[in-house]
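One line per chain: the protein sequences are A and B, in this order. All letters in the first sequence, in the order written, are residues 7 to 302 by my numbering. All letters in the second sequence, in the order written, are residues 309 to 597 by my numbering.
Since the hints were derived computationally from the structure, they do not count as laboratory data. All of these numbers come straight from a predicted model, not from anything done at the bench. Think of the CB as a built atom: it goes at the ideal place given N, C-alpha and C, for glycine as much as any other residue. Check each hint, because a few of them may be wrong.
Claimed, not checked - With the Cβ distance kept under 7 angstroms, some of the chain A side facing chain B (calculated, not the full set):
| id | residue |
| --- | --- |
| 1 | V89 |
| 2 | Y93 |
| 3 | L104 |
| 4 | P127 |
| 5 | G132 |
| 6 | L221 |
| 7 | Q272 |
| 8 | I273 |
| 9 | M279 |
| 10 | M283 |
| 11 | G288 |
Said to hold, decoys possible - Beta-carbon label-pair distances, calculated as ranges:
| id | chain 1 | residue 1 | chain 2 | residue 2 | range |
| --- | --- | --- | --- | --- | --- |
| 12 | A | S162 | B | I458 | 43 to 49 angstroms |
| 13 | B | G490 | A | F181 | 50 to 56 angstroms |
| 14 | A | F154 | B | Q569 | 24 to 30 angstroms |
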Amino acid sequence: MEAYLLNLVILISIYSILGVTLNFIMGYAGIYSLAHAVFFGVGAYAGTFMAMHVNASIFVTLPVAMAAGAILSLILALPALRVRGEYFVAASLGLQVLAVTIFSEWKSVTGGIGGLIGIPPLDVAGFEVFKPSQFIFVTVGALIIILFIINRLVHSSFGRSLRAIRDSESAAAAFGKNVPLIKTISVVISSALTAVAGVLYASYLSFINVESFKLDTSVLIMAMVIIGGTGTQAGPIVGAALLLLLPSLISYLDFLPQTEIGSIQQIIYGLGMALLMIYRPGGIVGRKKQSETGKE
Amino acid sequence: MLALQLTITGLQTGALYALTAVGFSLIFGSTRIFHFAHGATFIIAAYLFYFVNVSGYGLILGIIAATAGAIIFGLLLNRFVYVPIQRDEGSFFTVFVASFGIGIVVQNVIGMVFGRGYVTVQTPLSFSVELMDGLYVSPLAWISMICAAIFFGILWCFLKYSQMGKALRALSDNPELVRVFGLNPRFISACAFTIGSILVVPAAIISGATSGLNPAMGHHVMLISLAATIVGGIGSVAGTLLAGLALGLAESLALLYVDSQWTEAVTFAILFLFIIVRPSGLLGRSSAH
Numbered sequence: 007m008e009a010y011l012l013n014l015v016i017l018i019s020i021y022s023i024l025g026v027t028l029n030f031i032m033g034y035a036g037i038y039s040l041a042h043a044v045f046f047g048v049g050a051y052a053g054t055f056m057a058m059h060v061n062a063s064i065f066v067t068l069p070v071a072m073a074a075g076a077i078l079s080l081i082l083a084l085p086a087l088r089v090r091g092e093y094f095v096a097a098s099l100g101l102q103v104l105a106v107t108i109f110s111e112w113k114s115v116t117g118g119i120g121g122l123i124g125i126p127p128l129d130v131a132g133f134e135v136f137k138p139s140q141f142i143f144v145t146v147g148a149l150i151i152i153l154f155i156i157n158r159l160v161h162s163s164f165g166r167s168l169r170a171i172r173d174s175e176s177a178a179a180a181f182g183k184n185v186p187l188i189k190t191i192s193v194v195i196s197s198a199l200t201a202v203a204g205v206l207y208a209s210y211l212s213f214i215n216v217e218s219f220k221l222d223t224s225v226l227i228m229a230m231v232i233i234g235g236t237g238t239q240a241g242p243i244v245g246a247a248l249l250l251l252l253p254s255l256i257s258y259l260d261f262l263p264q265t266e267i268g269s270i271q272q273i274i275y276g277l278g279m280a281l282l283m284i285y286r287p288g289g290i291v292g293r294k295k296q297s298e299t300g301k302e
Numbered sequence: 309m310l311a312l313q314l315t316i317t318g319l320q321t322g323a324l325y326a327l328t329a330v331g332f333s334l335i336f337g338s339t340r341i342f343h344f345a346h347g348a349t350f351i352i353a354a355y356l357f358y359f360v361n362v363s364g365y366g367l368i369l370g371i372i373a374a375t376a377g378a379i380i381f382g383l384l385l386n387r388f389v390y391v392p393i394q395r396d397e398g399s400f401f402t403v404f405v406a407s408f409g410i411g412i413v414v415q416n417v418i419g420m421v422f423g424r425g426y427v428t429v430q431t432p433l434s435f436s437v438e439l440m441d442g443l444y445v446s447p448l449a450w451i452s453m454i455c456a457a458i459f460f461g462i463l464w465c466f467l468k469y470s471q472m473g474k475a476l477r478a479l480s481d482n483p484e485l486v487r488v489f490g491l492n493p494r495f496i497s498a499c500a501f502t503i504g505s506i507l508v509v510p511a512a513i514i515s516g517a518t519s520g521l522n523p524a525m526g527h528h529v530m531l532i533s534l535a536a537t538i539v540g541g542i543g544s545v546a547g548t549l550l551a552g553l554a555l556g557l558a559e560s561l562a563l564l565y566v567d568s569q570w571t572e573a574v575t576f577a578i579l580f581l582f583i584i585v586r587p588s589g590l591l592g593r594s595s596a597h
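Same shape as in the complex, but just chain A (with noise of 0.2 angstroms):
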């Protein structure tokens, strides 16, 4: 039970982080991503490559894998912020198709299909972490500095000025805000911290393989920010663990075929994501319809 509880919080501190830095980009920026797996994937395979060819050290692993992510996100987003939303939303579907061709096809760094295993555990300044028991704290940890710096960037002039973005792109232009700049340094710190959960990921389990990087795992994070609250500090975390707890809430219940529990999961998510957009836009943690809160 209490290695259950421990895997489960990892994981959920793990989502949390993906759920955090995919909110930046949604719920401050209004950019619309369905391609955070990738930039996750980037960081597992990025991180793992160093820790495996040439050292296993957080100093090493985590700049070379947060580069990475950034890099891939700048040649995204450079040409795809200059336009409207809608061409973001297409963009990021097709660089998460084309990754997943190319996660499976260059064998050499991610092992194709079948992935990389003995991935060497967290190496933090001489100390191997590897138990589940130390490796919360890493976790823990990592989520608290990033939840923190996401919070220092959205109170600064920055982060009012994506939030002036997200309300109107032309009032801010107007108001002499580099539009394109600012969305595009938003997706690149978001892709950079992106990247730090999956290199947390991978020298967990240990193995990575493809399927942790498809495009359901976008999909699956984007709910979470959703269900959760878009533009809320707490809501990705809420999201984060509702619908990781949610598999073994189903488990529970034993009229359901429990080899189906994958798609019940993505049906309650689903309908949950449609219901709120009718009834509740804002999340469970955001506020109610604009129109209850006084716009009427």
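Place chain B on chain A using the hints.
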């Protein structure tokens, strides 16, 4: 000879892509609803046809079931999801997320009912005939192209001459003016959804016999539809048609140079190129900003 073979296969794929993409483009262009569940309409129609066919009720009933299923799904979604959302907020992304959620539900329900693997509709029409030395074409290739030609012919006449077609084009230009003019935008939207959903049906049925069906293919359908809409120019039906054909051809001809798992990369490369070089698309009217 290989190039000619791939051109014909490409035209077949392209015709189906064009039909699906034009359905999405018509809905998005006229109502501004980012109908991401368009891929779900596709798999609903495809699996309904497959189910009726496997149960032994034949072709005609299968086509009727698929068409009815697609129209009902489109209209219900419009009435119970999009209309309520648009009533009090209607931001582009709220609609997108809701539509996306419904797409996930449909994909998994179909996966639970029919299984998550590939299924194929068995028909003698998918057997290839040797036309020339080394050139194999199945009757389905001609059926796809003829189907596309007929559907686009009807659609063109409809948009150009009928009262409703004019109203649809007016709605994409200026919804307020349509209301002032005394037309009901809600009714026109419902029409857009009906037509957009019907356009998916031939592609869904023929794909079931050629490439096979799988509950997760809705995302691929959406990627193609989005890419064709953007490459063709948002709001331009003719542009989307051309772009759909071109994407199908490009995917097929790319096989001359790369392995088949990279075909989606070709679509992505073309989409990206257009976003960089010409974001307003082939025949786009409005600016992309």
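Checklist entry - Which numbered hints does this structure break? => result Of the numbered hints given earlier, those the structure breaks are 4, 5, 11, 12, 13, 14, listed in rising order.
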